[in-house]
Structure formats: structure tokens, C-alpha cells
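Asker: Below, each chain spelled out in residue letters.
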Amino acid sequence: MSSAEIAAIPENEGFKIRWGDFAPFIALAVIILLGALINSNFMSANNILNVITRSAFIAIIGVGATFVIATGGLDLSIGSMMAFVVGIMIMAMNALAPSLGAWAIPAGAVVALVVGSLCGLLNGLIVTVGRIEPFIVTLGTMGIFRALITYMTDGGSLSIDRSLRTAYRPVYFGDFLGIPYPVIITLAIAALGAFILYRTKYGRRVTAVGSNADVARFSGVHVGRVRAMAFVIQGFCVAVAAICYVPRLGAATPTTGQLWELQVITAVVIGGTLLRGGKARVWGTVAGALILEVIANVMVLSDMVSEYLVAAVQGTIIIIAMLAHRFTGTR
Amino acid sequence: MMTPGLDTPGAGNAPSRPVLHAEGLSKAYGPITVLSDVTLDIRAGEVHAIIGENGAGKSTLMKLLSGHAAPTGGTLAMAGETVAFADAVQAEDAGIVLVHQEILLAPDLTVAQNLFLGRELSRYFSVDDRRMNRRTAEVLARVGSTARPTSRVGDMPLAQRQLVQIARALLDDRKVIILDEPTAMLANDEVDALLEIVRNLRAQGVAVLYISHRLEEVEALADRATVLRDGKMIGTWPAQELDQRQMAELMVGRELSMLYPPKRGVSNADPALAVEDLSVDHGKIAGSFDVRPGEVLGIGGMIGAGRTELVEGLMGLRPAQAGSIMLNGREIRKPNVGTMMEAGLVYLTEDRKGKGLLLNEGLAANLTLQALDTVNPRLRLDRRRETGTVRRAVQEYDIRVRTLSVEAGQLSGGNQQKLLLAKVMLADPTVVIIDEPTRGIDIGNKSQIYSFIDDLVRAGKACVVISSELPELVGLSDRVLVMRGGRFVAELTGADITEQNIVYAAASSGTDTEGRKRA
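Line by line, the protein sequences give chains A and B.
Be aware that the first sequence starts at 1, since it is given in this note's numbering, and climbs by one per residue.
Be aware that the second sequence starts at 1, since it is given in this note's numbering, and climbs by one per residue.
Since the hints were made in silico from the structure, they are not lab data.
Cβ atoms here follow ideal geometry from the backbone N, Cα and C, with glycine treated the same way.
There's no promise every hint is true.
[As the list claims (entries may be wrong)] So the derived list for chain B, only partly shown, Cβ under 7 Å to chain A, looks like this:
#1 L105
#2 L109
#3 M251
#4 M341
#5 G354
#6 N360
#7 L369
#8 Q370
#9 T374
#10 N376
#11 L381
#12 R385
#13 T403
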């Protein structure tokens, strides 16, 4: 082939919509439309903002989970880890409050980010250095974190110091130009996640490790480091979610974050990320988190189905999403 | 080239009527025709060899005959009646069975359990192990296997597993048995035993279709041979009319020597890579070697002799210790793919699909994965630079693609291999180790890869080629090391580099099963 012909090879097949990539967003639109038809209150600005804000936790943790799952891993400990980080953060803030006053809040937040990242690093190192399946490792740490928060709260609840409540409250309840802070934080985390995953060398290596770890190894990629780093990112995201979570209820209990891991994994998977790794969709994960929260909200607002069945409907959604995936043939 | 007389119907030494007749059989995938217009018949009690280069269409033909794929043109007839198979099960019911080249057995089940997998015999509500074991013993006896029906398949050596696989095909009465490269994994004495089994089958009146590129087996075994080249049928000949050289020339379609660039001769330069006392997999494989700028060092040996393992150990991809590794004057203490690449050494794996390329990713992601830091000096990916790199590689290595966004898995084997070559060359190495450079690719791409290797070496780089294809090893190498049982046993240079010498060194001294991989 001549160089002129080479230059003429198009970069891609022209404009071709890959419907599979849009599926979660289309599904979200359809569910919102249904919600609007079922109950007129659904579309009120208040309700919509409320729903989006509430989905923030799952979305933020989901961005981290997208990394772990993209490398072919899985983290079951995120719900317990979240509770543990919340507990540590409250203890740190309460301890610092007398000396630092309101500055105890950012100091506690930094502690949370460090502890969260370290928890992720712990998972990552056991998986990579110990060469144990992530499923088993995080099943173990899930129990450990859950037991620790139960111990720290003494089976009851661990509340944040009264003096900090007013100052901390806006982080969940406040807004900037009408957009609640948790939403802004979610968007920032997702944008950062998408940048790392799609625009950096690390992101390229994440995808490579997830799609074929042997190929990555033979190409000189430090597979263990890439995997461990994904767990650290997961831990960091858990800590960010914890920072947003505390002002909402002001306390940690043994049931904080319980079963969130399942919600998060559901959000990631219906967002279009492959559970076996190699294909990651950060914004899809955010859409997935929204889908879960919107369904719950629509069910609460409508009288047709009992809200006790929310989990059943969410379960059905994930199965339908996977079937749709299969039959649209987008791997 | 002497042209042997074409086989006329009814001629040859197996005059019985055909059990299976293919007329104008063709197969196309979209616009690409992989097999066109094959007409042949297979008779009861004959061994009919199908020979051809890799990519000549042998496996496609096998798949069409055994119901694993449907032809896009032509017809199949059994005993005069037209048949069409929807799947392999229908073909098996009609009496045609394909024995795959790879061992497809469940390692944790017993021989009998594997044989009856999916068609277990039952007695009341439970499986009838006693009856299955008895039937298994009968079939094993028929193929001359000494295995016990209750042995766990995973504990058996490869050759025994191959026999189990054949036994499984014989469980029901078969009219046609298709053996796809049955000896590819076997050592010499095991090959002899297998050939004897095939002869027995023939004596029992079974029609055997024998696919192999080991011409000596074809010469020793076949009644007739059909030659395929580039998806086309060249002809069918009574095997006794062809010698190995004629077969090879019919397969290749040109003088064999044209394929390889002229040799460069032994180099006297200081070694670019010198490896001393490298010990891999806890000493099972060990050796010292060096390679000089301007030469191709060939490493020969039987499959399982430990060649790939040695190099993977050198690259830090397996547990290994070394006395010393000197690379371009630098001592490498803790080898891994990254430090080796920085010091100028790259390794191109034999397992293109499993360890070489990300089949679901595009050209750019594959091409730049290894030299990612060179192409993107900063943390962020430089998309424009990547696209430029891809365009240059596509041109330089003649990778034929429609668009640059095509996934690696969609490329043909030859283009995949060239992409892989481009990928490792992106690191601008001075020493290149290529494991099976042309496995599974067609002759056109083969000769291109040979000339890339020649260019490379003439540009003053050093190249190590590991190959199980003897003509390739002989045609390319300036120097050959032969491995057997995990040790280097011979070094050949100049006129001593011949297929006979390599085979002799690789396979002589009885116990050559010692270093075999028992997967």
C-alpha cells in the first residue's frame, strides 16, 4: 500500500451509533417518562433534586467500583467499608472539635480520605500480593469492617458532635446555584473518573488488564499495581461518599451502608460495564445509580405496587438489562 | 517440478465406493472466500490425507464435512444421497466424526465419564458406571490404549489423552473418522503407535480422513492425498506417486527456497545478549546462550522441549534464576518485561491470541500497550500521536485494515502477527526474540515476516527465532541451538543446519518425553 492509501484509511467507520452504549441512558429516560405519567408530583423540581441527591452515594462509590470491575476484580466490602470510614471520621471530628472548632470538619474529611484509601489498599494488596480471588478477600474484609463499626458504635450509634452539625449540614443539604452539593460532587468524581479511565495511560492499562491480564503482563504492564490501584481508587470514592453521607443522618450505626455493595454492583453493571472486566462505562454507572433511585421513588409515589417490592423490581431490572445486552449483541 | 499424474476415479489402491462425496464445496465468510470448489470422495477402508500449509483451508474443509460449519456452496453426499448437516450432532448420527486437534476432555472426570459425557448410560434412575466402564475398556482396547476406564484424565500424559479422544469418537460405529493433526502434540514413539491405530481402523473398514502437515506421516500412511493451497483444491493423487518433496512443492506452489531471504552468515560482533546459567521452573529448564548483532539465532526442538519456558523465564514471566544476563553491556539483575524493554530486548509470544493481543480492543490500544510510556510521555494519552503511530505501523508492516478502529480480533492471523510485530518493535529494541513467528498464517504473510526479520538483522539488530517448523528454522537461521528435555543439546552452523540434523538432535536418545509439558 502506498502512503497516500494509508493516509486515506478512515479512523473509524464513520458515524455509527452504538446503541449498546446509550442503553442505560435510554432506559433512564423511559423510567423517568413512566414516572411522570404515573404521578404528576414526580416531575416537581423538588422531588427530582431529591432523587438525584439521594443517588449520589451509590453513584460516587459506583465510579470507584467501575475501576475495580474494569480490571476484572470485585469489591464486596464497600458497604461495610463505608460504615467503617463514617465511624472513623465521626470519631476524628469529635476528637478534634474542642481544639479546632469547625475546622475539625475538613480535618476529619482528610482523615476519611486517607483511611478510605488505606482500606482500599488493604483489599488490593491482599488480592495482588496474596493472590487470592477478590470475591473471597472482600468477603472477608466486608465482615471485618462491619464488625469494627459494630464494635465502635457498641451496637448502637455513634453521633457527630452537636457543635459541628450546623457547619457540616450544607455538605448534604446545601446547594450552589440551585444544584445540591452532593450532585456537584458526584459530577466532579464521575468526570475525574472518566478522565482517568479514558484519557490517561493508567486508564488504558486498567482496560488492558481487565480484557486480558496475560496480554498485559506480556506487554510489561505491572498487573498487580494496576489492580491494587483500582482498589485504592475504590476506597477513595467510598470516603468521598462517607463525607457526603454524615451530615445527612449525623451518625454511624451497625447498619450504615448495609447491602450497598449490591446496589453499587447493580448500578455498575446496568451502566454497561462488563462484570468480567475490560469494558468500563463511568457515566453509565452514574445513570445506573439514578435508575435504581428513580425506580424506588416512582414506586413510593405510585400506589400500584408496594414499596416493599422495590428490591424485587431493581433485581428484575438488572436481569432485563443483561438480557437486553445479550440480545443486542454488543458483547 | 515433476508433475505426478492426477488421480482418476476408480484408480488408486482403494477401489471401494465412496462413503462420503463432496462436490464443489465452498465456504465464504462475508466477502472473504476461505475455501472454494473442493471435490473429493472418501472411501471405506482408506486413509485419505489432506495436506496443505497453515491457512490452506484444511480446518475449514474438516468443519464442513463434520457439520461444525455449513457450506456456502456445493453439496455433500453419503452413499449417493445428498445430505446436509445442521450441526455436528447430526453429522455424528450419520457416522462422521471429527477428532479435534486440541484435547477437549474434562480433566477432572474419568476416562469413562469423558467418553460418555452427555450420553451417559443409566440404569433405573442412576448412571450405570459398570456398563460404561466395560464399554470404555472395549473401545480403549480397540485403539490400543492401556489406560483404565476409571483413571482421571487430568493425571494422564498427553498422548494417552489423545487416544482417549479418539476412543470417544469410536464409541459408536463410525463410517468416517476425521483426524485433525492427531500427532501435533505427540513425541516420536507415540506417533508410531498412533499410526498403527489408524492402520487398524482402516483394516476395520473405516474411512479415515487424515489432516497433517507432517509429510513423513502422510507418506507412511495415506492411500491417497488431496492437496489444498490458499483455499483451493490442487488435486488428489495416489499417495505412492508422491514423495515428500513433491508434496511440499504442491503445498507451497513454488520453489521452497524462494521463500527465505539469503543468509547473512555467522557474526563475529560482541554478543548483544549473553545469558549464562539461566534456570527456569526450579531447574527443569536451564541453559546458556548468546546472540550477536547481525545474526538470526534459531532455537529448535520438539514441542514441550522447554524453549518457550526458557525465554519466558528470561523475561521474568516465570520463576527463574540466572548466573548472569548481559544485555547491550548492561547487567540485568531482576529481569521483567519493562526493564528488558528499556535495555533493548523484546519478546514476541507464540500465543498471539492469548498473550499477545487484546482481541476486543482497537489497533491503537494494542499497538501502544507495551511502549505506552514512549508514545505518551505524559500521564495523559496523546491521541493524535497515537493515531500517527498507528498509521506509520500500518504502512511499515503492511497491516491490511479497512479502518483504524477495527478490533484486533477481526484481523486475519497474518495481520494480527504483523500488528504484534509492530507492537514490540515500537520500543525500538536491539534484540528481538520471536516465538513461532509464522504460526497459523498464510504463505504471503510468512514471506513478509521473513523479510522483516532479515531487514532487522541487516540493520545490525540481533534476532532469536524459536520455531517448530523445521523449514523455517533452516531457512532463516545463521546458527541453530537445539533443545531437548529442557537442555540445549546441539549447536549447528553453516551447512550443518539441516532438517535432519535438527530432528536428530531434538528427538534422539530415547527418553525425549522427559521435558514434556504435562498440562
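Asker: Now look at each hint and say whether the structure bears it out.
Answerer: Outcome of the hint check:
| no. | hint | verdict |
| --- | --- | --- |
| 1 | L105 | violated, 23 Å |
| 2 | L109 | violated, 24 Å |
| 3 | M251 | violated, 28 Å |
| 4 | M341 | holds, 6 Å |
| 5 | G354 | holds, 6 Å |
| 6 | N360 | holds, 5 Å |
| 7 | L369 | holds, 5 Å |
| 8 | Q370 | holds, 4 Å |
| 9 | T374 | violated, 11 Å |
| 10 | N376 | holds, 6 Å |
| 11 | L381 | holds, 6 Å |
| 12 | R385 | violated, 12 Å |
| 13 | T403 | holds, 5 Å |
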